[in-house]
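**Student:** Let's have the full structure, built from the sequences with the hints guiding it.
If you're matching them up, the sequences are chains A and B in order.
Each position in the first sequence, counted from 1, maps to that position plus 115 in the numbering used here.
Each position in the second sequence, counted from 1, maps to that position plus 96 in the numbering used here.
Simulated from the structure, these hints should not be mistaken for lab results.
Computed from a predicted model, the values in this text were never measured in an experiment.
Incorrect hints may appear among the rest.
[What the hints assert, rightly or not] Using C-beta positions, here's what the derived DEER-type ranges look like:
1) B:GLN160 x A:GLY169: 42 to 50 Å
2) B:ARG201 x A:PRO129: 32 to 40 Å
3) A:ASP193 x B:THR203: 37 to 45 Å
4) B:GLU181 x A:GLY156: 18 to 26 Å
Note that beta-carbon positions come from the ideal geometry of N, C-alpha and C, so glycine has one too.
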Amino acid sequence: QKEVEQNSGPLSVPEGAIASLNCTYSDRVSQSFFWYRQYSGKSPELIMSIYSNGDKEDGRFTAQLNKASQYVSLLIRDSQPSDSATYLCAVTNAGGTSYGKLTFGQGTILTVHP
Amino acid sequence: EPEVTQTPSHQVTQMGQEVILRCVPISNHLYFYWYRQILGQKVEFLVSFYNNEISEKSEIFDDQFSVERPDGSNFTLKIRSTKLEDSAMYFCATGGGYTFGSGTRLTVV
Numbered sequence: 116q117k118e119v120e121q122n123s124g125p126l127s128v129p130e131g132a133i134a135s136l137n138c139t140y141s142d143r144v145s146q147s148f149f150w151y152r153q154y155s156g157k158s159p160e161l162i163m164s165i166y167s168n169g170d171k172e173d174g175r176f177t178a179q180l181n182k183a184s185q186y187v188s189l190l191i192r193d194s195q196p197s198d199s200a201t202y203l204c205a206v207t208n209a210g211g212t213s214y215g216k217l218t219f220g221q222g223t224i225l226t227v228h229p
Numbered sequence: 097e098p099e100v101t102q103t104p105s106h107q108v109t110q111m112g113q114e115v116i117l118r119c120v121p122i123s124n125h126l127y128f129y130w131y132r133q134i135l136g137q138k139v140e141f142l143v144s145f146y147n148n149e150i151s152e153k154s155e156i157f158d159d160q161f162s163v164e165r166p167d168g169s170n171f172t173l174k175i176r177s178t179k180l181e182d183s184a185m186y187f188c189a190t191g192g193g194y195t196f197g198s199g200t201r202l203t204v205v
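**Tutor:** See the structure below:
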């Protein structure tokens with residue numbers, strides 16, 4: 116059974132702080148990694164994708180991937196109350212120009228308080 | 097707002113009834129997926145569809161489920177005889193499977 120594990124939280128940070136979200140996966144052949152944000156009652160919204168070891172930055176978001184440790188993380192800098200949501204980690208064996216199903220973690224609830 | 101549109105946004109049905117959930121994907125996308133999320137649980141893969149046929153399906157996707165692309169644009173998920181445990185949010189996704197639709201909340205009573 117291929118598993119994706121996240122700390123369920125809730126994770127509470129003050130406005131302006133860095134929020135750190137973690138995810139581990141069990142399938143060593145996983146190639147593509149994604150972070151989604153999901154507001155209550157809404158669909159998942161893709162915020163970051165990462166395919167290679169190292170860091171990838173996009174605005175206030177930084178994704179970090181370590182395939183040897185089977186670990187992927189998301190850092191949110193200068194957290195805002197609007198960042199309060201559930202963050203979903205998802206992985207797939209597909210890479211490059213191929214596509215495949217996503218396996219999701221259970222999500223981490225993030226609360227940013229003013 | 098998601099670029100993938102799903103209808104209806106909410107459907108209430110009686111146990112044993114058939115439901116059809118619809119998805120209008122981003123044009124020119126060839127891969128289509130259905131996922132579901134039971135309240136408070138993980139998003140789960142149901143089925144993937146490529147080139148007008150199922151490419152992969154999960155254990156959840158049993159004989160009561162079917163998918164079609166009836167008119168070359170819409171993409172449907174049919175549940176033939178709904179059960180209480182089918183109550184969930186159902187999401188379609190297209191492209192690399194990475195853009196999710198707005199979702200349909202299915203409530204079976």
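**Student:** For every hint, state whether the structure bears it out.
**Tutor:** Verification of the supplied hints:
1. Separation of B:GLN160 from A:GLY169 is about 44 Å and conforms to the stated range, judged on CB atoms against 42 to 50 Å.
2. Range check, B:ARG201 to A:PRO129: Cβ separation about 33 Å, and the 32 to 40 Å hint holds.
3. The hinted window of 37 to 45 Å between A:ASP193 and B:THR203 holds, with their beta carbons roughly 39 Å apart.
4. The beta-carbon spacing between B:GLU181 and A:GLY156, approximately 20 Å, falls within the hinted interval of 18 to 26 Å.
Figure legend: structure checked against the earlier numbered hints; every hint is met.
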